[in-house]
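Q: Spelled out, the chains give:
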Amino acid sequence: GAGVSQTPSNKVTEKGKYVELRCDPISGHTALYWYRQSLGQGPEFLIYFQGTGAADDSGLPNDRFFAVRPEGSVSTLKIQRTERGDSAVYLCASSPTAGRFGYTFGSGTRLTVV
Amino acid sequence: DAKTTQPTSMDCAEGRAANLPCNHSTISGNEYVYWYRQIHSQGPQYIIHGLKNNETNEMASLIITEDRKSSTLILPHATLRDTAVYYCIIGANNLFFGTGTRLTVIP
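From first to last, the protein sequence lines are chains V and E.
For the first sequence, the working numbering gives the first residue as 1, with consecutive numbering after it.
For the second sequence, the working numbering gives the first residue as 1, with consecutive numbering after it.
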């Protein structure tokens, strides 16, 4: 597609539930990044993929968070046993490859845990 | 793990040049300087990046000091639509955002 697509744009879930957030990167981009952004803060790095493998997952806050990219294109961020503190905008970005290229960001998924 | 220092906020008169400074004294040899901006409720937008030479594109110019410890983003003729949070980031394979500079362009 022309840009990075994230679905859903908004998600409200109850505390303790499981959620999946999807990211469709720009076609041909091998690097894919997940960030989350809380109100008034800059985006916080979570994980990035180069191809199918997670090249750096050091930003995932705990083991309730997991991300996959099985075919090297679409990625899914999975959050188990959601907590109210997980409420944020989750941003996805892609670039032709990791390093020395600018990223193109999607519009994000606003997750609200009630 | 932001490794840059930026002013919290700046104002600029419409039509004038906006000069946004950034200090990155711990930059290492393989790290680029990137600039992004974020308009309310949207994802960050890539502006420009550079390694050690000054760069210019249709949006802005990036001036990097010779020692690479600081840089300045220049928007040559600021418009009201340039009001946004501007992030200066240094990185190689992945980027860590700080809290940025909130630029307000005043009519």
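Read the hints as simulated data drawn from the structure, not as lab findings.
Mixed in with the good hints there might be a few duds.
[Stated by the list, open to error] Derived pair list, reagent style DMTMM-like, types lysine to aspartate or glutamate, alpha-carbon separation capped at 25 Å:
{"no.": "1", "chain 1": "E", "residue 1": "Lys69", "chain 2": "V", "residue 2": "Glu44"}
{"no.": "2", "chain 1": "E", "residue 1": "Lys3", "chain 2": "E", "residue 2": "Glu55"}
{"no.": "3", "chain 1": "E", "residue 1": "Lys69", "chain 2": "E", "residue 2": "Glu14"}
{"no.": "4", "chain 1": "E", "residue 1": "Lys3", "chain 2": "V", "residue 2": "Glu83"}
[Claimed, not checked] Okay, the calculated bits of chain E under chain V, using three or more residues with CB under 8 Å as the criterion:
{"no.": "5", "stretch": "40-46"}
{"no.": "6", "stretch": "65-73"}
All C-beta atoms in this analysis are idealised placements derived from N, C-alpha and C, irrespective of residue type, glycine included.
Q: Taking the hints in turn, state whether each one holds.
A: Hints, one by one, checked against the model:
1. Restraint check for Lys69 of chain E and Glu44 of chain V: satisfied, since their Cα atoms lie roughly 23 Å apart, inside the 25 Å limit.
2. At roughly 21 Å between alpha-carbon atoms, Lys3 of chain E and Glu55 of chain E fall within 25 Å of each other, so this suggested pair holds.
3. With a CA separation close to 29 Å, the supplied pair Lys69 of chain E and Glu14 of chain E exceeds the 25 Å bound.
4. Proposed proximity of Lys3 of chain E and Glu83 of chain V is contradicted: the alpha carbons are some 29 Å apart, above 25 Å.
5. Residues of the stretch 40-46 of chain E lying with their CB closer than 8 Å to a CB of chain V number 5, which satisfies the three-residue condition for coverage.
6. A count of 0 residues in the stretch 65-73 of chain E with a Cβ less than 8 Å from any Cβ of chain V is obtained; the coverage claim is therefore unmet, three being the minimum.
When held up to the earlier numbered hints, the structure conflicts with 3, 4 and 6 and fits the remainder.
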